[in-house]
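> Generate coordinates for the entire structure from the input sequences, incorporating the hints supplied.
Quick mapping for you: the protein sequence lines, in order, are chains B and Y.
Those letters in the first sequence? Residues 1 to 208, by my numbering.
Those letters in the second sequence? Residues 1 to 563, by my numbering.
Because the hints were derived from the structure by calculation, they are not lab data.
Hints may contain errors.
According to the in silico footprint, chain Y covers these stretches of chain B (three or more CB under 8 angstroms from chain Y) [unchecked claim]:
1) 47 to 58
2) 64 to 70
3) 166 to 173
Computed from a predicted structure; not experimentally measured.
Just so it is clear, CB atoms sit at the ideal spot from N, CA and C, and this is done for glycine as well.
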Amino acid sequence: MPTKQAPTRQAITLKGSTNLVTEFFKYAVNSVLFQRGVYPSDDFHMVKKYGQTVLVTQDLALENYLEKILNQVNKWLLTGSVTQLVLAVISKDTRTTLERWAFDIKLVNQEDSGAESTAPKPEAEIQAEIRNILKQIVTTVTFLPVIDEPTVFNILAYTSQSAEVPADEWVDTDPLAIEASKSQQVKLRSFSTDVHRIEAMVAYRYEG
Amino acid sequence: MTAKTPARRRARSVTRNTLTPSFINNMNSMQIASPARISSRTASTAVNDSPNPFISQSKSRNTSPVKRTVSGGIEVTHELKRQASSGVIRKGGIESRMNVVKNDYIPPPSAPETKVPRRSKSTASLRAEAQLEGDRFIPTRDIDSLAASLDRLAIQPMSSSPGHTARLAEATGINLHGRILSYHEAPPVPTDKTLQKQREAVAPLYARPGELPSSTGTVTNKSRKIPTQPERVLDAPGIVDDFYLNLISWSSQNVLAVALAENTYVWRADTGEVSHVGEAPQGSYVSSVDFSNDGAFLGVGIGTGDVELWDIESSTRLRTMTGHQAQVATLSWNGHILSSGCGDGSIWHHDVRMPRHKVMELNGHSGEVCGLKWRADGELLASGANDNVVNIWDGRVGDVAEGSRGHAKWTKRNHTAAVKALAWCPWQPSLLATGGGTNDATIHIWNSTTGARLHSLKTPSQVTSIQWCPHKKELLSTHGYPTNSLMIHAYPSLERVAEIRDAHDSRVLFSTLGPAGDVVCTGAGDENLKFWRVWELEKQKKKRAPKENNRLTSSRTGLMTIR
Chain B
1 MPTKQAPTRQ
11 AITLKGSTNL
21 VTEFFKYAVN
31 SVLFQRGVYP
41 SDDFHMVKKY
51 GQTVLVTQDL
61 ALENYLEKIL
71 NQVNKWLLTG
81 SVTQLVLAVI
91 SKDTRTTLER
101 WAFDIKLVNQ
111 EDSGAESTAP
121 KPEAEIQAEI
131 RNILKQIVTT
141 VTFLPVIDEP
151 TVFNILAYTS
161 QSAEVPADEW
171 VDTDPLAIEA
181 SKSQQVKLRS
191 FSTDVHRIEA
201 MVAYRYEG
Chain Y
1 MTAKTPARRR
11 ARSVTRNTLT
21 PSFINNMNSM
31 QIASPARISS
41 RTASTAVNDS
51 PNPFISQSKS
61 RNTSPVKRTV
71 SGGIEVTHEL
81 KRQASSGVIR
91 KGGIESRMNV
101 VKNDYIPPPS
111 APETKVPRRS
121 KSTASLRAEA
131 QLEGDRFIPT
141 RDIDSLAASL
151 DRLAIQPMSS
161 SPGHTARLAE
171 ATGINLHGRI
181 LSYHEAPPVP
191 TDKTLQKQRE
201 AVAPLYARPG
211 ELPSSTGTVT
221 NKSRKIPTQP
231 ERVLDAPGIV
241 DDFYLNLISW
251 SSQNVLAVAL
261 AENTYVWRAD
271 TGEVSHVGEA
281 PQGSYVSSVD
291 FSNDGAFLGV
301 GIGTGDVELW
311 DIESSTRLRT
321 MTGHQAQVAT
331 LSWNGHILSS
341 GCGDGSIWHH
351 DVRMPRHKVM
361 ELNGHSGEVC
371 GLKWRADGEL
381 LASGANDNVV
391 NIWDGRVGDV
401 AEGSRGHAKW
411 TKRNHTAAVK
421 ALAWCPWQPS
431 LLATGGGTND
441 ATIHIWNSTT
451 GARLHSLKTP
461 SQVTSIQWCP
471 HKKELLSTHG
481 YPTNSLMIHA
491 YPSLERVAEI
501 RDAHDSRVLF
511 STLGPAGDVV
521 CTGAGDENLK
531 FWRVWELEKQ
541 KKKRAPKENN
551 RLTSSRTGLM
561 TIR
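Here's what the structure looks like:
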C-alpha cells in the first residue's frame, strides 16, 4: 500500500485518498439511487465491494453521467476546493426536493495532528467505515417517507470560490433546499482517511 | 476548459456598478452592530476611490441567497437579483440591459484567499452544523433576515472594516464563500418506453399492474376498505334469469321486494322477516317490481302486460291496470304516476288515482323497453330499450287528455346493445349514466340538460345495472358474464375504485340501493340476493344504529315513524 511508504507519503496519500473518496461517492450515489427507487431496480446489478455486495447501475447513460461528475469531483478533491456534495432527490412532476443526501468533505489538517507521530490509518479500517455508511444508507429506507411518485436526482457540488470550474459544464445552481419547517435531518456515520473526512447526512421532506 | 466562468466576474462588476446609488439604501437598512455603521460612514468618502488591497478579498465573497438591493435605471426584478447574487446571468437578462463594467479589478490568482475560519463542528448540533457547512438554505427566519442585512454590507465592502464582514459571517454561521454547482446536463431519464414494455412483458402475472391483483380477482382501493364479501346472502329460489326484467326493489321504508317467478315477496331489512305479498295470475309471471317513492305501494309488472298495484302493509292488490299487449319489463314511479315500459316499445304513464289510468303514451322505442328511471324531481324520465336507444323524456304530464303523446327530449344512439342500466345522479341532477349490454359493455354519462356525452367507460362485460352513490362521487355498476362483477368507479375520473369479481356465480342481473345509500343488494341467476356494504357512511351516522347489530342498518332515521 502506498500509504506505508514514509518518504512520499504526503503526495500519494492525497491522491490515494481522493480516489478512495471518489469511489465511495460512486457507490454511495448508486446505493441511494437504488434504495430510493429513482431508477428501476432491475437497472442495477450486484457488485462485490468493501467486503459486501453493493448495487451499481448498469444503465450506460447513467453510468457515463456519474462518471463525468465524479471525474470533476476528483479534480476538485485534489485541489481541496470542494466542501460538500449533495445528492438531491426531486419529484419529477412538482420539482420539489424530497430528499437531500449531503456529504461534507473536510480536509484533515496534517500539521495540527502532529504529522509524523500519527500512524497512517489502515486501509481495512477505512473500508469498514465506508461499509458502515453504505449499510446505513440501506437502513434509512426504514424511516424515510415512502416515495410513490416518479423522481429524478441532481448532484450539487459546493465548491470554494476559487475552484477551477470547467466552463459550460458546470453551472451555478439553486441549492434545491427543503424548507426548514418541512424537513427532518438525520446524521449518518462518517469516515476519514488520512487526508479527508466525509460526513454524511440526509434531510428529507416530512410534513407530519 | 478550466477557465473561470466569466459570468461570475460580470456579476461582480454589476455589484460594483451599483455601489453608489445603493449606498443610502444600505445605510437605512443597516440593522446590525453599530460599529459597522460608524465604519461605513467614515468610509463613505472613499467610495469612488480605487480599492485598497483588502477589498478584493471581501469582494470575492459570494453572496448569500438573500437578494441585495440593486438600484439604478433598471427595474430590479426578483429574478435579476437572484441571477446577480448567484453569479449566473441568463441570456437576455441583466447583461443586456446594463452597462457592465468589463475591466473590473481582478485579484491576482496568487493572492492568498482568506478563509473564514471554520468553527469546530464536532459538538455542534445538526442544525448548526448544516448552517456552518454552507447548508445555509435551511435557515431559521432570523438568520435569514440577518443574512439580508449582512448581504447589504457585502455590497459595499469599503464601508466596513476589512475583516468585519468575515467576522460577521463567522459569528452568524453563514458561509459566504463557495459556490453551488451542478452539472449542466440533467441526469438521464430512467428508461425508455420500449424497455419498460419489455419489462412488463416478462414480469410475472402477479406483478403486472391491474391484471389480477389478488387470487380472488378483487381490486380495492388502498385509501378505503371496501368489503369484498357480501354482508348477507338471501336465498331467492326461482328468480328468473332474464336480463330484460327488473325483479328487485328496495323502498325508502327499508323493505326489499323481490319477484320470484310468479310470486312477490318482501323482506323487511329492519326485522329480517319475510312476507309473501301476492301472486301473478295463473300461467304468468312477475316481470318487474318497483316501490313507490313513499314505500307504501308496490308496482308489479306482469308478463301478460298488466300492471298491478299492491299495498305492502296489508299485502292486498289495490288495482290492476291493463292495456299493454306485452310483458312489462320495467316500472318507475314519480309521485302518483307509475310509468311502465312494455315489450312492444311503448312507455305508458299510469295515474294510479284515476279510473282511466293511462294518461300518456311515449313512443320512441322499437324494441322492448328494459330500463326506465324517473329523475328524483320528476322533471325527466330516462328510458333504455332493446333497440339500443336511450331516450330522455320531458316528465311533465300536463293535461291528462286521452291519448296524449310525449316526445323524447333527447335520443341517444351511442350504445350498440340493449340499454337496461340507467341511473340518475343524486347529487348532480343533470347527470345520467347508462350502460349497454353484451356487445356494448360501455357506460356513457350524459348531461341531460345539454344532451352532451360527458364520459364513456368501456367495461369488460355487459352492464346490467348502475347505481350512483348518494354521498360519494362514485357509481357502481354490475356486470354479466364473464366477470360477474360489481365495479365501483370514481366520478368524474371513472377510475376503478374497486372491483369485486365473481360476486355471484352467474351474471349479476339486478341491483338496488338501500335507502341509506350504503348497502347495495344484487340479484343474479344463481338464486341469491347478496348485500354489499360498499359505501360506508360517515362515522357519526354509524353511531346511531349500533343496536341493530345483526340487521341491516340501511334505514334512514326518522322514516320509521311515518306509519
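> If any of the earlier hints don't hold here, list their numbers in rising order.
1
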